[in-house]
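S.K.: Protein chains in written order, with my numbering: chain A, 52 to 419; chain B, 52 to 419; chain C, 52 to 419; chain D, 52 to 419.
Be aware that a few hints might be false.
[Stated by the list, open to error] The calculated DSBU-like cross-link candidates involving lysine-lysine, where the alpha carbons are at most 30 Å apart (straight line), are:
{"id": "1", "chain 1": "D", "residue 1": "Lys-196", "chain 2": "D", "residue 2": "Lys-106"}
{"id": "2", "chain 1": "D", "residue 1": "Lys-258", "chain 2": "C", "residue 2": "Lys-258"}
{"id": "3", "chain 1": "A", "residue 1": "Lys-196", "chain 2": "A", "residue 2": "Lys-120"}
{"id": "4", "chain 1": "D", "residue 1": "Lys-106", "chain 2": "D", "residue 2": "Lys-120"}
{"id": "5", "chain 1": "C", "residue 1": "Lys-106", "chain 2": "C", "residue 2": "Lys-120"}
{"id": "6", "chain 1": "A", "residue 1": "Lys-258", "chain 2": "B", "residue 2": "Lys-258"}
[Unchecked claim] Under 8 Å between C-beta atoms, here's a sample of chain D residues computed to sit facing chain B:
{"id": "7", "residue": "Glu-243"}
{"id": "8", "residue": "Leu-247"}
{"id": "9", "residue": "Ile-310"}
[As the list claims (entries may be wrong)] Here chain C is said to cover these stretches of chain D; the calculated rule only asks that three of the stretch's residues, wherever they fall, bring their Cβ under 8 Å from a Cβ of chain C:
{"id": "10", "stretch": "77–90"}
{"id": "11", "stretch": "344–354"}
{"id": "12", "stretch": "370–384"}
Derived from the structure by calculation, the hints contain no laboratory data.
Note that the structure is predicted; figures quoted are calculated from it, not measured.
No residue lacks a Cβ here, since even glycine has one placed at the ideal position from N, Cα and C.
Protein chains: 4
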Amino acid sequence: MQPRIGIFGASGYAGLELTRLLAGHPGVQLAFAASERHVGTSVADLAGVDGATGKLTYVSFEAARAAAKTCAAVLLATPAEISLALATELGEAGVGVIDLSGAFRIGDAAAYTAAYGHAAPPSALQRTAVYGLTELHRAALRGAKLVANPGCYATAATLPLVPLLRAGLVTTDSIVIDAVSGASGAGRRASEDYSLVELHDNVRAYKVLTHQHRPEIAQSLAAAAGGPVDGDGRAGPGSAAEGRCGLIDVTFVPKLLPIPRGILATITTRLARAAYAAELTRVLRAAYEGEPFVRVFDRVEDVDLHRVIGTNLCAIAVACEPRAGGRVVLVSALDNLVKGAAGQAVQNLNLMLQLDETAGLSAARRFH
Amino acid sequence: MQPRIGIFGASGYAGLELTRLLAGHPGVQLAFAASERHVGTSVADLAGVDGATGKLTYVSFEAARAAAKTCAAVLLATPAEISLALATELGEAGVGVIDLSGAFRIGDAAAYTAAYGHAAPPSALQRTAVYGLTELHRAALRGAKLVANPGCYATAATLPLVPLLRAGLVTTDSIVIDAVSGASGAGRRASEDYSLVELHDNVRAYKVLTHQHRPEIAQSLAAAAGGPVDGDGRAGPGSAAEGRCGLIDVTFVPKLLPIPRGILATITTRLARAAYAAELTRVLRAAYEGEPFVRVFDRVEDVDLHRVIGTNLCAIAVACEPRAGGRVVLVSALDNLVKGAAGQAVQNLNLMLQLDETAGLSAARRFH
Amino acid sequence: MQPRIGIFGASGYAGLELTRLLAGHPGVQLAFAASERHVGTSVADLAGVDGATGKLTYVSFEAARAAAKTCAAVLLATPAEISLALATELGEAGVGVIDLSGAFRIGDAAAYTAAYGHAAPPSALQRTAVYGLTELHRAALRGAKLVANPGCYATAATLPLVPLLRAGLVTTDSIVIDAVSGASGAGRRASEDYSLVELHDNVRAYKVLTHQHRPEIAQSLAAAAGGPVDGDGRAGPGSAAEGRCGLIDVTFVPKLLPIPRGILATITTRLARAAYAAELTRVLRAAYEGEPFVRVFDRVEDVDLHRVIGTNLCAIAVACEPRAGGRVVLVSALDNLVKGAAGQAVQNLNLMLQLDETAGLSAARRFH
Amino acid sequence: MQPRIGIFGASGYAGLELTRLLAGHPGVQLAFAASERHVGTSVADLAGVDGATGKLTYVSFEAARAAAKTCAAVLLATPAEISLALATELGEAGVGVIDLSGAFRIGDAAAYTAAYGHAAPPSALQRTAVYGLTELHRAALRGAKLVANPGCYATAATLPLVPLLRAGLVTTDSIVIDAVSGASGAGRRASEDYSLVELHDNVRAYKVLTHQHRPEIAQSLAAAAGGPVDGDGRAGPGSAAEGRCGLIDVTFVPKLLPIPRGILATITTRLARAAYAAELTRVLRAAYEGEPFVRVFDRVEDVDLHRVIGTNLCAIAVACEPRAGGRVVLVSALDNLVKGAAGQAVQNLNLMLQLDETAGLSAARRFH
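Let's have the full structure, built from the sequences with the hints guiding it.
M.R.: Here's what the structure looks like:
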């Protein structure tokens with residue numbers, strides 16, 4: 052009998068992607084898909100999946116809360132405030148929770164409230180959350196009960212920087228993160244502003260210096276710059292709250308692109324000492340050797356969205372001026388709905404349930 | 052009798068846009084459109100223009116060189132090496148030259164050769180070139196004989212930064228310029244890499260830290276930071292060569308977008324002293340007050356490509372953290388083929404010929 | 052003193068395009084732009100126009116109704132029921148009315164109600180309306196007081212067919228009209244279904260056999276097949292109502308494309324007698340000789356959206372099998388917001404006001 | 052030991068899709084991928100696949116011809132003339148051949164030469180070819196040695212029509228097929244005409260009445276109208292050549308869309324007798340009951356590209372006017388590279404090798 056899994060918020064874009072991934076997952080069964088807006092609709096119809104998953108119909112949150120208590124784990128693709136309530140209730144019932152909202156990502160309560168505009172989760176609960184950037188916190192994720200699944204931008208910004216920060220190769224005082232994202236990152240929107248006519252051929256920056264992923268990134272980089280974080284079993288979001296290190300502040304400039312999916316991030320900093328790009332590439336390769344979902348390329352031109360769309364991959368490359376203090380530009384790409392949301396959630400679910408980490412996830416891309 | 056104008060390289064994207072603009076220009080007449088590839092083809096057919104301009108057929112460069120000598124001015128939408136030869140020949144014949152290539156943009160010969168891979172123009176000729184960022188060098192452009200029309204990225208990066216540099220409001224040591232551009236910036240391409248299937252829904256960074264517009268930007272910022280440049284009659288590209296100031300180095304990260312037109316640049320630096328965004332906005336507004344083609348907005352979200360595509364406008368806004376040393380993010384948008392190339396060239400042509408600077412240019416946008 | 056013009060429904064896509072065109076029109080002044088949703092907003096801001104037009108602010112319909120009575124003419128970019136009420140009120144006040152809705156396009160009351168789902172206009176009023184397919188009804192449009200501006204699909208389907216029908220060259224019993232349209236044809240939509248993520252890379256047929264432009268097309272083709280219609284001063288929508296000819300029924304299949312603008316229609320029928328494509332092309336050329344906004348091409352591949360977007364042009368070409376009964380395929384392209392709506396409305400306004408028919412309208416395209 | 056399969060023409064779009072599908076196929080192994088242009092390149096690199104398939108490098112056709120003789124079957128994604136030569140050579144060696152070109156699709160030699168511009172295959176070889184429209188010729192495809200894999204447009208046009216023709220529900224004298232296709236249908240192109248800038252936001256019809264898929268469609272429809280074709284073991288392309296039925300001629304109008312993938316076809320004909328759309332839908336459902344890759348929908352609006360892109364599905368729906376002689380419009384959608392090429396080829400390969408027909412193929416879609 053396979054572990055039973057439930058999804059709250061199953062009809063949003065992250066929820067649909069979770070549904071698609073779990074429908075093809077060989078080791079779990081989807082017990083329910085909860086969507087207040089689509090109660091009674093066929094999952095096959097809305098999510099385009101086949102088999103047992105397709106035969107489900109969407110249920111209300113009320114109905115799902117009862118069903119959830121018989122599940123091994125639930126995935127929350129819900130707003131932070133709803134995630135907070137559900138994680139509390141289901142955690143007490145012993146159900147594993149992977150939350151795709153920001154509710155448990157930020158250890159510092161003041162930073163959380165500034166970013167999300169409501170009270171931070173109780174610190175006792177927050178301290179049990181493991182930050183789900185899988186490649187950096189794998190040990191703590193195995194058997195975790197509450198996972199704070201990372202933000203899409205935070206994943207794209209953190210994976211390339213952390214190995215260079217840990218190696219002391221780059222400085223931390225003037226990191227600039229620029230990231231372009233497809234429109235699905237804004238979620239399903241019934242709004243003129245997100246209509247095809249308004250977005251097509253258009254680009255704009257938004258939430259410049261105020262985006263809620265900025266403190267999330269700052270916290271991860273601080274942990275990386277401050278020393279290894281995966282050894283003590285409580286990693287990520289807890290770190291900053293526990294005062295072990297400050298935040299590394301960054302400039303973060305997100306931009307909205309007229310495409311449905313994908314994030315390309317370019318991260319600028321400086322070399323702490325003289326080094327050629329090839330050395331930085333080697334450090335990145337060593338850090339991610341054997342990782343099924345991180346690929347390090349030799350040239351920044353090799354990192355593009357076509358390589359990653361529809362896959363759980365993050366692609367990375369680096370360019371630099373080799374003198375001490377020389378400029379460093381890291382480029383990363385991922386699918387915001389897969390490695391940036393649902394795919395990484397399934398990766399974490401696999402660890403939580405002690406399954407093969409790659410089960411149900413593909414690194415194969417469509418060439419387009 | 053209106054002044055006669057010629058275009059070399061009239062069938063590339065910048066050349067077509069020049070043709071379109073001159074066809075609607077009330078004060079000049081297009082005498083010839085030279086394109087080696089399309090000799091004998093109707094201009095109406097290829098460029099989609101009406102009237103006298105549409106009745107022209109493309110001529111060879113050989114034929115055009117003779118015709119050019121009877122013109123008031125020519126526009127060169129040609130590779131740098133060809134521009135260099137034509138500018139020399141036509142300059143000697145007393146014809147005004149506006150060059151859209153990089154041939155005359157960079158005052159420092161070594162920097163030029165590093166960027167363009169061939170010998171810099173003779174310094175005597177180079178010193179006569181006026182850098183055509185119209186809003187910054189208007190006095191020198193009036194009646195100039197040789198104009199180095201700026202690069203598209205350089206225009207987008209320089210216009211927002213210069214007023215803040217001149218006012219001493221931002222620091223110069225860690226400027227990062229990130230810019231996304233539509234595919235027409237790469238010119239007409241018969242290549243798989245630029246096919247719709249390969250580019251659609253795709254994004255990649257390219258020429259990171261090595262793009263030829265980087266020294267061009269560096270030179271303009273140095274001039275701005277070093278003091279007023281428009282007073283002595285010889286501005287822009289000449290400055291650095293004459294050793295009056297060093298270069299201000301920048302990180303420049305260009306990215307290719309799956310759209311035909313438009314540049315959105317985000318420029319990151321730090322405050323030299325505490326200031327609110329509103330103060331920076333006021334400085335930008337004061338600098339560009341009365342300018343027909345620069346618009347300063349209150350919010351960075353207001354700067355998008357739809358505002359500028361098809362127009363000669365550059366749209367600008369700024370966000371910042373108000374403490375001294377706080378982060379500053381400038382956002383600018385323009386149409387790479389209009390304000391970033393052909394439109395600015397016509398603006399400069401108008402100054403060269405002592406016509407109304409806005410003749411033939413529109414600030415009106417299509418809402419899309 | 053230029054004639055004063057008003058727009059009702061000025062913030063929808065057709066209304067914005069009207070605003071843009073009138074802002075650049077040399078012979079009229081925009082007196083008001085009415086939009087219930089944007090009362091008080093600057094027209095420059097929303098419509099991106101300059102000059103006197105940009106200085107207007109949107110007014111309520113209530114305020115506009117008073118102002119309208121001092122205008123030479125108003126343009127109604129409003130739903131059919133609102134157009135009906137406004138046209139009645141303003142017509143009685145002697146104001147010229149050009150209506151962009153379907154309210155006055157269909158002469159047959161039963162066909163109207165079937166298509167629009169509400170009662171047809173009073174037949175006395177309907178009989179005064181002139182159908183505004185300018186090239187076919189120019190005489191009646193000069194000095195008309197009420198113009199039913201044609202639908203976008205109807206314009207694309209009717210212009211190519213009418214000359215061949217009048218010449219008796221094609222049969223009328225199995226006409227199939229397939230037309231793909233950009234999403235602006237559906238108007239401004241705050242709906243998930245029209246969001247970029249849902250429409251991008253997607254295509255679907257809609258309202259197959261039930262679209263409200265089908266009877267409008269049927270009526271025009273009947274008039275054309277039945278004889279000349281422009282001679283008697285009362286053309287178009289009146290014809291069918293007056294029983295002079297039946298409808299020519301057509302199959303009409305519209306499709307929604309993931310682009311903002313443009314219609315490409317392909318119209319299939321059969322030759323009434325043997326004829327080469329070149330003969331059909333000659334008939335089309337003769338019919339539209341001297342027309343400023345219709346272009347007939349030799350090859351169907353020459354008719355594409357890039358030729359027409361942003362212009363008031365309709366491009367046409369034809370292919371056929373030359374035997375009697377051979378298949379004929381006409382291809383036409385236009386910008387649904389210009390020749391398919393606002394541009395044709397301005398063309399009709401010019402006729403109504405006895406101005407140059409091309410004033411404020413461009414046939415020049417942007418190459419893209 | 053799994054059957055060994057080879058691909059000739061592995062770096063074109065159909066070849067890349069074949070590579071992707073075979074890399075995920077549980078029952079075969081890819082022995083070689085031949086591409087003259089990419090000899091020595093890693094398959095993982097170009098095709099983005101993992102595992103054993105990714106470890107291959109592209110080989111020359113020369114090398115591949117030797118390797119092919121040890122394979123159970125080869126897939127030819129090559130031009131028709133090359134397919135003809137390879138199929139002859141490999142067929143004689145006893146290797147199963149699935150050809151994705153048009154070389155073996157048309158039974159009538161004169162029609163073939165008119166469509167493809169070179170001599171038809173020898174009739175002895177042609178008669179052994181089975182037309183691979185899987186749902187219509189499954190019996191003959193089991194164990195076939197030479198399969199003519201259908202054209203993408205032909206698949207989209209034939210699947211919806213055949214059940215209605217067989218049931219005698221629609222007439223055959225005025226069938227009009229309009230189909231829009233993504234640009235990958237034109238293959239990899241290093242040409243300005245297929246560059247993003249030229250195609251973006253553009254649509255045009257092409258090869259109107261002259262497209263090579265027209266006789267292919269005509270032949271299939273004739274077979275369907277003339278009686279059952281799957282009973283005698285030799286179906287499809289052979290039929291017409293053997294004179295058992297004439298062709299049913301159709302009007303075929305293909306259009307090029309600014310998207311990478313997908314075909315939406317609308318097919319217009321007339322009812323042979325009075326019938327409601329629901330009856331036609333029931334006939335279609337009955338015809339395709341149990342088919343893993345055909346889905347019949349109730350409403351034409353439900354058939355869109357998002358349902359089929361990346362899958363081996365063909366989606367179908369029908370609308371009609373219920374009177375005898377009433378108009379019928381069928382709508383179908385498929386991914387031109389999957390059900391329209393590589394996916395159907397794998398479906399046929401599975402039948403040829405007596406594997407599960409759905410092995411390696413997915414009906415699950417990405418919601419986008």
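S.K.: Each of the hints needs a verdict: does it hold here or not?
M.R.: Status of each hint after checking the structure:
no. : hint                     : in the structure
1   : D:Lys-196 with D:Lys-106 : 29 Å, holds
2   : D:Lys-258 with C:Lys-258 : 28 Å, holds
3   : A:Lys-196 with A:Lys-120 : 14 Å, holds
4   : D:Lys-106 with D:Lys-120 : 21 Å, holds
5   : C:Lys-106 with C:Lys-120 : 21 Å, holds
6   : A:Lys-258 with B:Lys-258 : 27 Å, holds
7   : Glu-243                  : 5 Å, holds
8   : Leu-247                  : 4 Å, holds
9   : Ile-310                  : 7 Å, holds
10  : 77–90                    : violated (count 0)
11  : 344–354                  : holds (count 3)
12  : 370–384                  : holds (count 7)
Consistency note: the structure conflicts with earlier hint 10 alone.
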